[in-house]
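There are 2 protein chains.
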Amino acid sequence: MEPIFFTCGPTQLYPTVVGHMKAGFDSQFFSLSHRGSKVMECYGSAVAGLRTLMSIPADYEVFFISSGTEGMERVIQNCVNATSGHLINGAFSKRWLTTSQQLGKKTEDLTVPDGSVPDISKASFLKSVELICVTHNETSTGAMIQPAAISALHTQYPEALIAVDIVSSAPTVELDFTSTDCVIFSVQKGFGLPAGHGVMVVSPRAMATSAKLSKKISVGTYHSFAELKKYADKSQTPDTPNVLGIYLLSKVVADFNAVGIAKLRAQTTQRAERLYQLISPFVKEKTAQSLTTIVAEVAGGSARVIDALKAQGIMVSSGYGSHKDSQIRIGNFPAHTDSDFERLLATLEKALRRA
Amino acid sequence: MEPIFFTCGPTQLYPTVVGHMKAGFDSQFFSLSHRGSKVMECYGSAVAGLRTLMSIPADYEVFFISSGTEGMERVIQNCVNATSGHLINGAFSKRWLTTSQQLGKKTEDLTVPDGSVPDISKASFLKSVELICVTHNETSTGAMIQPAAISALHTQYPEALIAVDIVSSAPTVELDFTSTDCVIFSVQKGFGLPAGHGVMVVSPRAMATSAKLSKKISVGTYHSFAELKKYADKSQTPDTPNVLGIYLLSKVVADFNAVGIAKLRAQTTQRAERLYQLISPFVKEKTAQSLTTIVAEVAGGSARVIDALKAQGIMVSSGYGSHKDSQIRIGNFPAHTDSDFERLLATLEKALRRA
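Going line by line, the protein sequences match chains A and B.
All the letters of the first sequence, read from the start, carry residue numbers 1 to 355 under the numbering used here.
All the letters of the second sequence, read from the start, carry residue numbers 1 to 355 under the numbering used here.
These aren't lab readings, by the way, just hints derived from the structure by calculation.
Copies of the same chain are indistinguishable here, so a pair counts whether it falls within one copy or spans any two.
Using 20 angstroms as the maximum straight-line C-alpha spacing, the simulated SDA-like pairs for lysine to any residue come out as follows: (1) K310 / S326; (2) K324 / A308; (3) K324 / L352; (4) K216 / G104; (5) K105 / S218; (6) K106 / Y222.
Since the structure is predicted, the reported quantities are computational estimates derived from the model, not experimental observations.
Produce the complete structure using the sequences and hints provided.
Below, the structure written as structure tokens:
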């Protein structure tokens, strides 16, 4: 039986991807110019599809970049002159802080232990903080900040821009984009696509900040907000993009919209609940338990469970960093069919019982 | 009959690409982690293959990035404190200068008209120029600088780093890497691959410059030379890369090596000669006529020729920028089979006769 990937990304491809890829090759789509009408139409359809799927406001820009990591860099470059603030609870939120420091910025942070989420009401960033970076779903620990807390942050710091990493919770996260200014995600997790493409959503307020900032400091080159917008306005990118990635994204987003986001969300939540009933969760606080990255502590060490699952064709991720040997991480994404998921549950139950 | 793309990139896919892609999907390669052994092996094989194919010295780093355009930015960030020098003869060489200015650097340039190449012996950059950027093959005009002239530049400015854009001449360009410090290219032209992946080759001298510079200014974040090297040393990238792009690159480079670079070069040169006999070249100076981007002036306007070719299933590019309506550009790459090429020649001859 073919292995099924419940890894945290790259992960199982959405079932329609192979067919879309074949059709793309058959039509010689990947030989077409990224400045030509067919690729521009495809670009436009991917953006329109994302707006519908994720309720992205019409006045927010949708930019295509190469990865979520690139998004971290571009957001700092375009939104911060002196100081950024960071909510930190794991490796990926920490990385954003490091990115800002590498760009020569000062940083402030509210750091809490792995497996927990920061209490927004306790944040005490200086009023002068220009941007606050939030990792909605910490892929390294499976701790998830409630979208409502992100909105509360926006209310608490009305002068600051709010940037949110939803790399491992898109597209099913129910995020109120109007309380955010920059949102970044990539396609190799919840979208069930091959890796190598990222998306950055930018508010009018962040666009204005970047324009103002660009008069004082460098906000980047081909991927400054202004350059991205100049090309996005004609459904293009400043550079030669991953056309294949954009093509597949346009197709899979259309498939998601045909299913409906409500159904995808309900399915994600129900599956997460069933998984949490089976495992010993690393994240204790119920409301902080990720719906898409379920992290289990495995008393006897994770290697045996990972191997037992693998022997049955079920691939999961090991724990991250220092948790490598004591945890497993399970990706819960729309790409998994009902029967895939039942196979995971049955196999996991046996493997955990034996561990 | 299926169209054949003689466009300047994205262009015709190398004939083996579809089969490689199918095998990749069949083996579920695109669900694998970019930190796991199979993807690392593939990464290693792509790098080793490129070193063999293009005679890249063992002590030069080979980094994977997202595009040639990104390469322009990373080279300036990592190699220039105050001033860069630029040889300019078209839109892409100009873009590199703009990139440097956008990063807040001072620039010097030797600019010559479109369709010609700068005379290196006439370059009079200040001794303080830290980096000189050269566009080996101007995709916008079809003007090619002789690799020997690049080596001469290196001799003339021994203190400066030399960066070379070979986006549209790789892999067949016979470049002496030892007289260069940064070389950038992408895969959607001479490699016959779908767009969305770039390569940057960096000399030990440029690595040292970046390390020294990083103590004074920001040299970037996840794609600084140091970060790229930290991960490249374990056959990984700092970010989640275009794994599919790396996979296809590793396969096609192996195919190229099986044919042999000498044969690919001879074929490219012979085909270019036959094309130049047929057309009215924009680039008059014989030694400056590109082997891979053949640009023809079309007296009666290019649209009719482009349409006539298209009607026969032969796709070529229009002129670039202000030359759009008066020129056509023909990509001459290893992806084209002998029979593709004969079909191009025959069709082009008829179309030009009628124009």
